[in-house]
Amino acid sequence: MSDTLLQIENLHTFFYGESTVARAVDGVSFFVGAGETIGLVGESGCGKSVTALSVLRLVRPPGRIEPGSRILFEGRDLVTLDERQLRAVRGARIAMIFQEPMTALNPVFTVGEQIAEVVRIHSKTTRRDAWQRAVEMLQIVGIPAPAERAREYPHQLSGGMRQRVVIAMALVMNPALVIADEPTTALDVTIQAQILELLQQLQRRFGMSILLITHDLGVVAETVSRVLVMYGGEIVEEASVKTLFAEAHHPYTEGLLAAMPRMGESRDRLQTIPGTVPPPTRWPEGCRFHDRCPYSWERCTREHPPLYQIGGGHVSRCHLAEEPERRAHPHEPLVMQRSSRA
Amino acid sequence: MQPPIPASAPAERLASSGVAPALTPVRAPEPPRPRRRLTGALWWSLALIALLCTIALLAPLLAPYAPNTQLDIIALKNQPPSLAHPFGTDQYSRDLLSRMLFGARISLSVALLAVLLSATVGTAYGLIAGYFGGRVDAVMMRLLDACLAIPRVLLLVAVLALWSPVPLGALIAIIGLTGWFEVSRLVRAEVLSVMQREYLLAARALGTPGFRIIWRHVLPNVLNPIIVAATLGVGNVIMLEAGLSYLGIGARAPAASWGSIFFDGSDAFQATWWIALFPGLAIIVTVLAFNVFGSALRDALDPHQLAGDRAR
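For the record, the sequence lines run as chains W and Z. Under our numbering, the first residue of the first sequence is numbered 1, with each subsequent residue one higher. Under our numbering, the first residue of the second sequence is numbered 1, with each subsequent residue one higher.
If you are wondering where the hints come from, they were derived from the structure by calculation, not from laboratory data. Careful, some of the hints might be misleading.
What the hints assert, rightly or not - Pair ranges (Cβ atoms, derived):
hint: 1; chain 1: Z; residue 1: Ile-227; chain 2: W; residue 2: Met-260; range: 43 to 53 Å
hint: 2; chain 1: Z; residue 1: Val-153; chain 2: W; residue 2: Leu-86; range: 43 to 53 Å
hint: 3; chain 1: W; residue 1: Glu-148; chain 2: Z; residue 2: Leu-192; range: 31 to 41 Å
hint: 4; chain 1: W; residue 1: Thr-126; chain 2: Z; residue 2: Ser-193; range: 32 to 42 Å
Ideal placement from N, C-alpha and C gives every residue a C-beta, glycine not left out.
I would like the entire structure built from these sequences, with the hints used as guidance.
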């Protein structure tokens, strides 16, 4: 494995309410290698986006990164940096791409001005040179007639074009790490493929690492080398993308895979995982997935599973690692039993 | 309204064939940019305001007489409108038209400068409260509530009654500094909504310093309602200034504002109706022009009539 670029250790990000604490990210550890693309997968509300925002220290009160969390990046712990030092990292060394290209651009400035602004924040550049750089960047992200497009306002561009502009803004300072938070969710399917393709091409060209956050395993399959599956503010499974699709271990991952529509398979209805992610203020006792799990047994309701080693580079937070025979006897998940009784 | 997708889609498909487009695609025809609707009301009110401002600026050239000169205290006292004195003369035989032309300078400059002052202070206050949020916001808003609890006219009457005669600059400052509360509330509410937009998070994620975020990302996106509120505020301040002058605590003799001329004439309205009538009409027309302009501007700047992502 290549050099480690980003190493997150024991990240806890909590949000403090009047009388409750939402443990949105609850002990997450992982690393991203230089030049590597990894996927962070999970349902809405499982802590993916908060993890991403935590890396850039963009979590705003009442949210807080708890003491003991470490975010090591290029030899520094981002948790200890002050606002000034952080600004030098944000946009220059770590950049972020957001979900909504509709709202991620400021409506009152031209796209060229917005890209040039990033250049001028992070380097001593003349207005002219920054503009030149912006136009170049628009060309690199595949926008035709970049010199003219640079003078247009966001509302004059289509969704796909806007996402290209957002990518240009993120990459203009040649960052070492790009965090892409659901970069294709708001786009239609043909554009999605183009944007993913673009990200890969740019990675080959600039060699940055990508942390791709998504709820779409299809996106993951095409783009990343390693996958982290998150549930309930924790990582529940980590594996190479091949291993994950061939032999997923955690029942949650299994459920996600089963819920994916596949080519050539005709089903009347898509399979779903019963129930919803519990609120982060009240994670269930024991395994956080036990009430939605078709294999759970008594041990799962009381004992919080650690990350078990399944194979080389494959870990899973499930007691099935120790009692694999239980997989043979699936049952109706507890949430279903409860709702049918009610 | 979205720019039509088909216009740009082929270009994008071409572009996706390589990181840098090998072909320069034929430029798709530009989708027509939606026009802001400029209604008739907007135009005539703007023209009227421009006219009033021009009159005020050119008063020394336009006025047939010096505004404070007593022309002939015997022969020209309280003359009704005539060809020589279209608006008549007052009890000191001063030409009313000339006084009104010069009065426009005071009335308009007090109104415009006071509104500029209150819009600036209110915007700054609202921006700070909305941007920093949390405790800063809570303290600033409670302070504002306290300020709002003071009746403005009573405060003005009290201050101006004690400080008399008040210099024009101080009058502007006092009116301006008591008029920004509503503006800052409005600005704060707008800021809070802009703060939720993703481009603000994106700006922070790109390392933009806080001041620059406020200046480049927040302020331009809250400007429209401020402009509208300020325009409507001008009419209010003209009324307020007239009211204060009417109470005898605005502009001081011999200099005249419309309000103080009206006050002079109101004593004997039945005998010398023209002294109160013309400044009264001037106030009505001016306030009406600013209010119509403000409403028309609000319609024209309404986000629901703009293209793109502000259309939601």
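Structure-based check of all given hints:
1. Z:Ile-227 <-> W:Met-260: 43 to 53 Å: Taking Cβ atoms as reference, Z:Ile-227 and W:Met-260 lie about 51 Å apart, which means the hint holds.
2. Z:Val-153 <-> W:Leu-86: 43 to 53 Å: Check passed, 49 Å falls within 43 to 53 Å.
3. W:Glu-148 <-> Z:Leu-192: 31 to 41 Å: Holds - the Cβ-Cβ distance for W:Glu-148 and Z:Leu-192, about 36 Å, lies within 31 to 41 Å.
4. W:Thr-126 <-> Z:Ser-193: 32 to 42 Å: With Cβ atoms ~35 Å apart, the hint holds.
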